[in-house]
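A.B. asks: Letter by letter, the chains look like this.
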Amino acid sequence: MDTYFKLVMAFEEEAYAQSAAEQVFQLIDETEQRLSRFIPDSEISRINRMKAGDQLALDVETWDVMKQAFYAQQLSQGAFDIGVARHMDIFRATKQGILTEFEMQNALQKVQQDKSSCVFYLDPEQPLIICGKPGMQFDLGGIGKGFALDLAKAKLNELEITNFSLSAGDSTLILGNNEEQKPHWSYPIAAKFEQRVLKLSNCSISASGTYYQGKHIFDPRTGDNDMEAPYQLVWVCAKTAVLSDAFSTAAFMLSPSEMQVCIDESEDILWMAYATNGKLHFVGNDDLN
Amino acid sequence: MKKSTLLGTGLVLVNPFNITANPLKAADKINIAVVGCGGRGGGMIFSNIPKIPSANLVAVCDVVESRRERAKERFNAQYDGKVKAYEDFYEMLEKEKLDAIAMATPDFWHAPHAIAALEAGIPVYCEKAMSNNIEDAKSMAQAMKRTGVLLQIGRQRRSNDRYRFTKEVLLDQEDMFGQLTHAIGQWNRSKIWTQQPNKNDRLDMAKLKKYGFESMDQVYNWRNYKKLGGGVVSDLGSHQIDIFNWFLGAFPHTVYASGNNSYFGLEQADTMATILEYDTPKGPAIGIYENISNSRAKGVFESFIGDEGTFNIAEGDGNQIYRESGISADKWQKYIDKGYIANLADMQEYKEKEQGDSGIKATAPQISYDIKDMSGMKKVYNMQSHTAHLYNFVESVRGEETLNYDAIESYRSEVCIYKIHEAINNGGARIKIDPSEYEI
Numbered sequence: 000m001d002t003y004f005k006l007v008m009a010f011e012e013e014a015y016a017q018s019a020a021e022q023v024f025q026l027i028d029e030t031e032q033r034l035s036r037f038i039p040d041s042e043i044s045r046i047n048r049m050k051a052g053d054q055l056a057l058d059v060e061t062w063d064v065m066k067q068a069f070y071a072q073q074l075s076q077g078a079f080d081i082g083v084a085r086h087m088d089i090f091r092a093t094k095q096g097i098l099t100e101f102e103m104q105n106a107l108q109k110v111q112q113d114k115s116s117c118v119f120y121l122d123p124e125q126p127l128i129i130c131g132k133p134g135m136q137f138d139l140g141g142i143g144k145g146f147a148l149d150l151a152k153a154k155l156n157e158l159e160i161t162n163f164s165l166s167a168g169d170s171t172l173i174l175g176n177n178e179e180q181k182p183h184w185s186y187p188i189a190a191k192f193e194q195r196v197l198k199l200s201n202c203s204i205s206a207s208g209t210y211y212q213g214k215h216i217f218d219p220r221t222g223d224n225d226m227e228a229p230y231q232l233v234w235v236c237a238k239t240a241v242l243s244d245a246f247s248t249a250a251f252m253l254s255p256s257e258m259q260v261c262i263d264e265s266e267d268i269l270w271m272a273y274a275t276n277g278k279l280h281f282v283g284n285d286d287l288n
Numbered sequence: 000m001k002k003s004t005l006l007g008t009g010l011v012l013v014n015p016f017n018i019t020a021n022p023l024k025a026a027d028k029i030n031i032a033v034v035g036c037g038g039r040g041g042g043m044i045f046s047n048i049p050k051i052p053s054a055n056l057v058a059v060c061d062v063v064e065s066r067r068e069r070a071k072e073r074f075n076a077q078y079d080g081k082v083k084a085y086e087d088f089y090e091m092l093e094k095e096k097l098d099a100i101a102m103a104t105p106d107f108w109h110a111p112h113a114i115a116a117l118e119a120g121i122p123v124y125c126e127k128a129m130s131n132n133i134e135d136a137k138s139m140a141q142a143m144k145r146t147g148v149l150l151q152i153g154r155q156r157r158s159n160d161r162y163r164f165t166k167e168v169l170l171d172q173e174d175m176f177g178q179l180t181h182a183i184g185q186w187n188r189s190k191i192w193t194q195q196p197n198k199n200d201r202l203d204m205a206k207l208k209k210y211g212f213e214s215m216d217q218v219y220n221w222r223n224y225k226k227l228g229g230g231v232v233s234d235l236g237s238h239q240i241d242i243f244n245w246f247l248g249a250f251p252h253t254v255y256a257s258g259n260n261s262y263f264g265l266e267q268a269d270t271m272a273t274i275l276e277y278d279t280p281k282g283p284a285i286g287i288y289e290n291i292s293n294s295r296a297k298g299v300f301e302s303f304i305g306d307e308g309t310f311n312i313a314e315g316d317g318n319q320i321y322r323e324s325g326i327s328a329d330k331w332q333k334y335i336d337k338g339y340i341a342n343l344a345d346m347q348e349y350k351e352k353e354q355g356d357s358g359i360k361a362t363a364p365q366i367s368y369d370i371k372d373m374s375g376m377k378k379v380y381n382m383q384s385h386t387a388h389l390y391n392f393v394e395s396v397r398g399e400e401t402l403n404y405d406a407i408e409s410y411r412s413e414v415c416i417y418k419i420h421e422a423i424n425n426g427g428a429r430i431k432i433d434p435s436e437y438e439i
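Going down the list, the sequences are from chains A and B.
Read in order, the letters of the first sequence correspond to residues 0 to 288 in numbering that gives the first Met the number 0.
Read in order, the letters of the second sequence correspond to residues 0 to 439 in numbering that gives the first Met the number 0.
Read the hints as simulated data drawn from the structure, not as lab findings.
Mixed in with the good hints there might be a few duds.
Which chain A residues stay away from chain B? Per the calculated CB distances, all over 12 angstroms, these [as the list claims (entries may be wrong)]:
hint, residue
1, THR2
2, ALA9
3, GLN17
4, ALA19
5, SER41
6, THR93
7, ILE160
8, PRO187
9, PHE192
10, GLY208
11, PHE217
12, ASP225
13, SER254
14, GLU266
Derived DSS-like pairs (lysine-lysine); straight-line CA-CA distance at most 25 angstroms [as the list claims (entries may be wrong)]:
hint, chain 1, residue 1, chain 2, residue 2
15, A, LYS132, A, LYS50
16, B, LYS198, A, LYS154
17, B, LYS350, A, LYS94
18, B, LYS208, B, LYS226
19, B, LYS209, B, LYS225
20, B, LYS206, B, LYS83
21, A, LYS50, B, LYS166
22, B, LYS198, B, LYS208
23, B, LYS28, B, LYS378
24, A, LYS50, B, LYS209
25, A, LYS132, A, LYS66
26, A, LYS109, B, LYS371
27, B, LYS378, A, LYS132
28, A, LYS50, B, LYS378
29, B, LYS371, A, LYS94
Derived DEER-like restraints, expressed as beta-carbon distance ranges [stated by the list, open to error]:
hint, chain 1, residue 1, chain 2, residue 2, range
30, A, LYS50, B, GLY317, 37 to 47 angstroms
31, B, ASP216, A, GLN259, 49 to 59 angstroms
32, A, PRO229, B, GLU348, 48 to 58 angstroms
In this text, a Cβ means the ideal position worked out from N, Cα and C, and glycines have one as well.
One chain only, chain A, in its complex shape:
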């Protein structure tokens, strides 16, 4: 996942906590081996190599994250989409000088056409995917870190560790707290002219910004990467890290009213926030405005 993970936990036995941390980091490694499209033996790489008529049995975890990605795609009306690996390859090849900008533009049109005509069937009853017609390749970069954090949370709970904070590259954070022992975690968010410290409890939060990632964002619905970002920063708070991670990318393409629709339709997205003109705005939680 090309980032670092940071785990903070409270537990009375150091050796046990150390062992728990090793188990969590092993789980994150296994998740990367399963989901990274840059590892040729991963399940996602094998899905990306499927030909027409191929059927592939999946690990339960891969099946689960694909279903959740599909849900996020539906809920965001296509603003979140994992079927964009080929687009990402083209952007990278252009940056490396392998393709000219002229070639990039033609290539993007071609992969967008291929994507719109391909068919994959993700079986809702059993961990199985079938390729009807290839033409789309998957990249879980927008959801994989969140999924790894959700698995890590389940592992920590299994190990009876309830007070923890685990972050993936500082952009997605999952928090666990036994409210009798630790009522909340403090989480600062800031725009250019405003800073707030939020009290968060048993949830996940993801942040995304144009400062580091550039002002132009890629819209998977059109295949273009010249959309001007309407916000400087967005934050998404959800019950699961999968959803906060996925929507922290998608939210750049959603208006505040569309954000509200997503919150209303999902039981697990708690609120979203964005920064414009250096000020913070919250959607779905009036107490914070």
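Following the hints, complete the assembly by docking chain B onto the known chain A.
C.D. replies: Structure of chain B alone, referenced to chain A:
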């Protein structure tokens, strides 16, 4: 986004196909048991076996009650199974009608369990290493030869499609890299596993002593004890040195090795390096292998250097093929045309045709290649290597395939592993290996 539009984006949740064969179901299944429900055994139970349509998990066995019960309950709930759980291997052998057994127990239990199963006519898939001593490893290979019952050892790279493609097509069929003169491998990791029991594990030490464990730490971290496991050379090095032997088509005649336990201070060596000398069918070659337990920065890989090309191969990332400068691009074009390899980050299809007499390019042309399609192979598993290796075993039990890696082939690689142990234990000695030592 409405559903009709979703169909256009490709990922659908309604079945648009007339599916006639479900890869998760098979008419004739073999009944299989998994012995050892720890990390690797859990992988067999929850990740490998469910993807093998011809395998029917009927029993699990582990001396730790909570571990075997959790495995049983989770599998039965997740896959609507009827798996039974056993503490005692021999009781399971007697009570269950098994067609095959998969073992993921500590190394010191492999030989007695495997030989008992083979003597009972039951084929065995056994995780590597075969044992923690050469005598037991040899007795396992001899038992397979004597009984004629299948025994596959779990060095999963042997069933990894890319490794098989490299061996069968790029090396043996195409001779793409010329004479291989060097094999270089490393397994880099940050730490040696030292696990604690989970809060909800139920352990009865009096009972566990009956099974050869003298402490709680031995149960969870048996790899760190010489009388229970083989340490980093067996656990990690044997996967990669076995690939040296396979790709070079030879076994070393001499090993030099040095190692110590200075970094973590455990019983087994945590740091080691070895040099292996080969006489391959094409000429002499050298293998260089290192194990680092205090940094994972450089990952896990094997590199092979030939006089016409070099390749890095790994189960993770870092796979790359390089053409030697003296070999013209035209000579390798046939491999691109056959779909074996790709360069330019597989972007060739988007490149415009060259126009004019010359061009000015912003960057240097790409000179490395990746494996593209594994065409030309009789069988591509398209499975994660652990699943593929167990699948190959199950299908061999059913008579549909032959073993990719039987105990006799494995024993030959284990001989040089034990010779490396011998060299380390003798303070960096040079050990000669007589060809007869590789024979069963």
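A.B. asks: Could you run down the list of hints and mark each one as holding or not?
C.D. replies: Evaluation of the provided hints:
Every CB of chain B lies more than 12 angstroms from the CB of THR2 (chain A), the least distance being 15 angstroms, so the non-interface label holds. Listed as outside the interface, ALA9 (chain A) is consistent with that label: its C-beta sits roughly 15 angstroms from the nearest C-beta of chain B, beyond the 12 angstroms cut-off. A beta-carbon of chain B is positioned within 12 angstroms of the beta-carbon of GLN17 (chain A); the least distance is around 8 angstroms. The claim that ALA19 (chain A) lies off the interface is violated: its Cβ sits roughly 8 angstroms from the closest Cβ of chain B, which falls inside the 12 angstroms cut-off.
A beta-carbon of chain B is positioned within 12 angstroms of the beta-carbon of SER41 (chain A); the least distance is around 8 angstroms. Interface exclusion of THR93 (chain A) from chain B breaks down, the closest Cβ pair being 9 angstroms apart, not more than 12 angstroms. The claim that ILE160 (chain A) lies off the interface is violated: its Cβ sits roughly 9 angstroms from the closest Cβ of chain B, which falls inside the 12 angstroms cut-off. For PRO187 (chain A), the shortest C-beta to C-beta distance to chain B comes to about 31 angstroms, beyond the 12 angstroms cut-off, and the non-interface label holds.
At roughly 36 angstroms, the least C-beta separation between PHE192 (chain A) and chain B is larger than 12 angstroms, which holds for a residue marked as non-interface. For GLY208 (chain A), the condition that its CB be more than 12 angstroms from all CB atoms of chain B holds, with the nearest at approximately 26 angstroms. At roughly 15 angstroms from the closest C-beta of chain B, the C-beta of PHE217 (chain A) stays outside 12 angstroms, upholding its exclusion from the interface. Annotated as non-interface, ASP225 (chain A) keeps its C-beta farther than 12 angstroms from every C-beta of chain B; the closest such distance is 19 angstroms.
No Cβ of chain B approaches the Cβ of SER254 (chain A) within 12 angstroms, the least distance being about 15 angstroms, so the stated non-interface status holds. No beta-carbon of chain B is positioned within 12 angstroms of the beta-carbon of GLU266 (chain A); the least distance is around 19 angstroms. The suggested pairing of LYS132 (chain A) with LYS50 (chain A) holds, with an alpha-carbon distance near 7 angstroms, which does not exceed 25 angstroms. For the given pair, LYS198 (chain B) sits about 12 angstroms from LYS154 (chain A) by alpha-carbon distance, which is consistent with the 25 angstroms threshold.
At most 25 angstroms may separate the alpha-carbon atoms for a hinted pair to count; LYS350 (chain B) and LYS94 (chain A) meet this at roughly 15 angstroms. Between the alpha carbons of LYS208 (chain B) and LYS226 (chain B) the distance comes to roughly 14 angstroms, so the proposed pair stays at or under 25 angstroms and holds. For the proposed pair LYS209 (chain B) and LYS225 (chain B), the alpha carbon gap of about 18 angstroms is at most 25 angstroms, so the pair holds. For the hint linking LYS206 (chain B) to LYS83 (chain B), the alpha-carbon distance of about 20 angstroms falls within 25 angstroms, and the restraint holds.
Proximity of LYS50 (chain A) to LYS166 (chain B) is assessed by CA-CA distance (about 24 angstroms); at most 25 angstroms being required, the pair is judged to hold. As the CA atoms of LYS198 (chain B) and LYS208 (chain B) are separated by approximately 21 angstroms, the hinted pair is consistent with the 25 angstroms bound. Annotation: proposed proximity of LYS28 (chain B) to LYS378 (chain B) holds, straight-line Cα distance about 21 angstroms (limit 25 angstroms). Restraint check: the Cα-Cα separation between LYS50 (chain A) and LYS209 (chain B) comes to about 53 angstroms, which exceeds 25 angstroms; the hinted pair is violated.
The straight-line distance between the Cα atoms of LYS132 (chain A) and LYS66 (chain A) is roughly 19 angstroms, inside the 25 angstroms bound, and the hint therefore holds. The suggested pairing of LYS109 (chain A) with LYS371 (chain B) holds, with an alpha-carbon distance near 20 angstroms, which does not exceed 25 angstroms. Proposed proximity of LYS378 (chain B) and LYS132 (chain A) is supported: the alpha carbons are some 22 angstroms apart, at most 25 angstroms. This hinted pair checks out: LYS50 (chain A) and LYS378 (chain B) have alpha carbons roughly 15 angstroms apart, not beyond 25 angstroms.
Taking the CA atoms of LYS371 (chain B) and LYS94 (chain A), the gap is near 22 angstroms; set against the 25 angstroms cutoff, the hint holds. Between LYS50 (chain A) and GLY317 (chain B) the C-beta distance comes to about 26 angstroms, which lies outside the given range of 37 to 47 angstroms. Distance hint check: the CB atoms of ASP216 (chain B) and GLN259 (chain A) are about 55 angstroms apart, consistent with the given range 49 to 59 angstroms. Take PRO229 (chain A) and GLU348 (chain B): their Cβ atoms lie about 35 angstroms apart, and the range 48 to 58 angstroms is violated.
Comparing the model with each earlier hint shows violations of hints 3, 4, 5, 6, 7, 24, 30 and 32; every other hint is respected.
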